[in-house]
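Undergrad: Sequence:
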Amino acid sequence: MDIEKGKEKCKTSVPSGSSSPVIVGDVIETEAEVFGGGEGAVNFRNVGWIRAAMFMLKMTFATGVLSLPSALNDLGAVPGAIFILFWGLVNMYMAVIQGEFKLLHPSLHTVADGAEIAALQLSSGSKKWALVSKEITEFLYLVSWILCTGLSILGLSIALNAVTHHGTCTVLFAFVSYIVVSTIGSIRKIEKTAWITWVGFISIVVAILVVLIATAIRDRPASAPATGDYDLGFSAFPSSSVTFASAWSASLIIYASSANTSGYVPVISEMRQPRHYFRSVYVTMTWIIVSYMVIGMVMYRYAGQWLATPALGSAGPTIKIVSYAISIPGLIAGGMICVHISGKSVFVRVLRGSRHLTANTWQHWTVWLASTYGTGLIGWLICEAIPFYGSLVSLIGSLGFGPLGICLPAIMWFCMHPQYRAGTLRMKVMWWLHVAIFVMGLFVTIGGTFANVVVIIEQFREGAVSGVFQCADNSNTVDG
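Going by the working numbering, the letters in the sequence shown line up with residues 129 to 608, in that order.
Keep in mind that the hints are not guaranteed to be accurate.
[To be verified] Taking CB as the label site, the calculated pair distances span: (1) Arg400 to Val370: 57 to 63 Å; (2) Asn488 to Gly176: 20 to 26 Å; (3) Gln598 to Met555: 51 to 57 Å; (4) Arg549 to Glu263: 43 to 49 Å; (5) Ser368 to Leu497: 49 to 55 Å; (6) Cys297 to Ala564: 47 to 53 Å.
If you're looking for bench data, these hints aren't it; they were derived computationally from the structure.
C-beta atoms are modelled at their ideal positions from N, C-alpha and C, and glycine is treated no differently.
Can you build the whole structure from these sequences, using the hints too?
TA: This is how it looks when you write it as structure tokens:
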């Protein structure tokens, strides 16, 4: 950032230009856009709001919707529906706050930059606290998106196992998935991924519709006993056997299924009209809330406790193969986005401030490819270490998106509205509401991570998987 000293105070309105003055103690910093122009520079800023919406929609919809129905088995229909609506609206609002903060601070690329800016403002210019805040946030951001990468690789390996009837070792399927999503994720500009996200989104929607229809027209769930009486397991409320840890973990699966709003922020840096970001958010989150409600409730109503995780395995072996085959482009696109988001964060961190960030130099390409393939590799290792799809989704929600998707946006709001604490009654109510949001984020992070660790340990103890780096079928196609 270029620093200019002066007496002018920072305005709270969104700036109309490409730079924004920011008060840091007695110093005003003028921020520049991340991907600035220049002679011979690569133009990253050419994404329209529709393409941005599709990128964000595919980022959110694929992995989240596949784990959502099984969460309702622990929560019941009524709490499940309430949580889908509640967490969807919370995540939409958090995305809006992050967008407003980004528009006030054009230099912001990821929420880690936002944490640095917020710490500077709240600590009256303490660079030490700003650095600590940025490093912690960047670590959580990378961990979250690398976990998402691992989740995508795990989902793709399950699909390949299902389609090929466990044709080879699962570790090999996962490694091939890593290579594929990392290669496609190495496309540099979001604009160039538009057709991939469209194809991926359509494939996931079609695959889910196939399973949804097949599940609804069956006489009984595919996994239920073939003859005789059986317990569907559909209930309005959770049963007495459900523990707090499992119920809270299920709630976090719903939260995590739309909590990746921290990944929306870098998209703004590549939009032609950053102000149109809010259109993309409202379209994305409206679709997410409505589709999650319909898909989750219908699947749970007709499959009950016999739901599979991911949900594509819930309608019998034939439909399972068909739906997974259809979903493969969508799973690849989802993994591509996770690799792209995590890799670009590393890429910008390494080359920021140098001409290599937007120039076609060998340094540019070396850092970019190392970033995408490197983060993808770590994601593959994580998918082998935590091979539980639903638990991995929930862990991402608590450990990563709890602080990033709730706590940090609340802090950003405090930075944008410092006068609300001692303002009118309405302002004070709004201020305390955001304090409550921040505390809720802490509870999601601490309580959720603890609950997830307990659940994962229990899954290993019960033998839900034999261990890490196993060749065994993870799609239950051979055994079930």
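Undergrad: Each hint needs a verdict: does it hold in this structure or not?
TA: Evaluated hints:
1. Take arginine 400 and valine 370: their Cβ atoms lie about 48 Å apart, and the range 57 to 63 Å is violated.
2. Between asparagine 488 and glycine 176 the beta carbon distance is about 24 Å. The supplied range of 20 to 26 Å therefore holds.
3. Distance hint check for glutamine 598 and methionine 555: the Cβ-Cβ separation is about 56 Å, which falls inside the suggested range of 51 to 57 Å.
4. Between arginine 549 and glutamate 263 the beta carbon distance is about 28 Å. The supplied range of 43 to 49 Å is therefore violated.
5. Take serine 368 and leucine 497: their Cβ atoms lie about 53 Å apart, and the range 49 to 55 Å holds.
6. In this structure the hint that cysteine 297 and alanine 564 lie 47 to 53 Å apart at CB holds, the actual value being about 49 Å.
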